[in-house]
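*Asks:* If you want the building blocks of each chain, they are given just below.
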Amino acid sequence: DTEVTQTPKHLVMGMTNKKSLKCEQHMGHRAMYWYKQKAKKPPELMFVYSYEKLSINESVPSRFSPECPNSSLLNLHLHALQPEDSALYLCASSQGFFDRGTGELFFGEGSRLTVL
Amino acid sequence: SQQGEEDPQALSIQEGENATMNCSYKTSINNLQWYRQNSGRGLVHLILIRSNEREKHSGRLRVTLDTSKKSSSLLITASRAADTASYFCATATGANSKLTFGKGITLSVRP
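Chain order of the listed sequences is W and X. So the first sequence is numbered by the numbering used here: it starts at 1 and just counts up by one. So the second sequence is numbered by the numbering used here: it starts at 117 and just counts up by one.
Hint data in this document are derived by calculation from the structure and do not stem from the laboratory. Idealized CB from N, CA, C, for every residue including glycine. There's no promise every hint is true.
Stated by the list, open to error - Partial list, derived from the structure: chain X residues whose beta carbon lies under 8 Å from chain W:
| no. | residue |
| --- | --- |
| 1 | Q149 |
| 2 | S174 |
| 3 | A208 |
| 4 | N212 |
| 5 | G218 |
| 6 | K219 |
Said to hold, decoys possible - Lysine-lysine pairs mimicking DSSO-like chemistry, simulated, CA-CA at most 30 Å apart:
| no. | chain 1 | residue 1 | chain 2 | residue 2 |
| --- | --- | --- | --- | --- |
| 7 | W | K9 | X | K214 |
| 8 | X | K186 | W | K18 |
| 9 | X | K214 | X | K186 |
| 10 | X | K219 | W | K9 |
| 11 | X | K185 | W | K40 |
| 12 | W | K41 | X | K185 |
| 13 | W | K22 | X | K185 |
| 14 | X | K214 | W | K38 |
| 15 | X | K214 | W | K40 |
| 16 | W | K22 | W | K38 |
| 17 | X | K214 | W | K22 |
Extracted from the complex, chain X is given alone in its bound form:
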């Protein structure tokens, strides 16, 4: 069963704009991760934020975590056409930090 639910399900923006994607989850987590998947390809790990962290940055990526609201957001700044992909949040839960993926968000960046 899915733990994370991304919002919106689809997002279309112009190149250069910022893209914000949200993820909500139901149970307590050890960490939350974001992955990118280009059409028909494998997933690529983008960033991980632990349950005791509130914000992390990696290049053009900024992720926040609000454990009180059980939600996370991923911000991609200055988007590029190459950012067009599906983005999944994944929550690590339980003693073994098993990873469960959300439904995903389809991001389209128009040149």
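Same shape as in the complex, but just chain W:
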């Protein structure tokens, strides 16, 4: 199974809502990532978890709160977002931390978030 599954595919929320994005992989990967991608822009790294510990936080605002309950799951909790946070949120995983071996990140299909 070489798949990263993200739910929901689409999410619309108001600025006062609290919601969560979920990501799951069953490839035995020990590193998981959240990227944010605006339209016609490249993905931008937000967070990296390695062995269930937060290894990188790219100075992301606290209204985004990541969580890694176990090695297969990665959540992104959203609270008090702004309209400019509307984007495609991509989850990825790799065997190791940015996998110096194959180097390959496996991406999910993304969760498209719209903040009203």
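Got chain W; can you put chain X on it based on the hints?
*Replies:* Just chain X, lined up with the frame of chain W:
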């Protein structure tokens, strides 16, 4: 901040033709990778080339790396309509090989 800059930003070719995309970067790298993204979908890893390699092949893909010029090129031979997508180069830098994506190239292959 972006490390890689792809060139051209958009490319339109006829099916069967070859497509060449270039990527330039600014700082020394551990490896350079190319990814494909179909519209609104996730990214798919295509190929990786390490800093001590000059050329790699994978199926219809050929990637070259010139570290002296800090540039890479991706060649897709005998293009197909299904190759229509955005292509990103990504550079792995630093002790942790953190991956940073370039702005991307939009490739359109006309049937």
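*Asks:* Each hint needs a verdict: does it hold in this structure or not?
*Replies:* Going down the list of hints, with the structure as the test:
no., hint, result
1, Q149, "6 Å, holds"
2, S174, "12 Å, violated"
3, A208, "6 Å, holds"
4, N212, "6 Å, holds"
5, G218, "6 Å, holds"
6, K219, "6 Å, holds"
7, K9/W / K214/X, "27 Å, holds"
8, K186/X / K18/W, "44 Å, violated"
9, K214/X / K186/X, "17 Å, holds"
10, K219/X / K9/W, "24 Å, holds"
11, K185/X / K40/W, "27 Å, holds"
12, K41/W / K185/X, "25 Å, holds"
13, K22/W / K185/X, "41 Å, violated"
14, K214/X / K38/W, "20 Å, holds"
15, K214/X / K40/W, "22 Å, holds"
16, K22/W / K38/W, "19 Å, holds"
17, K214/X / K22/W, "23 Å, holds"
Of the numbered hints listed earlier, those contradicted by the structure are 2, 8 and 13.
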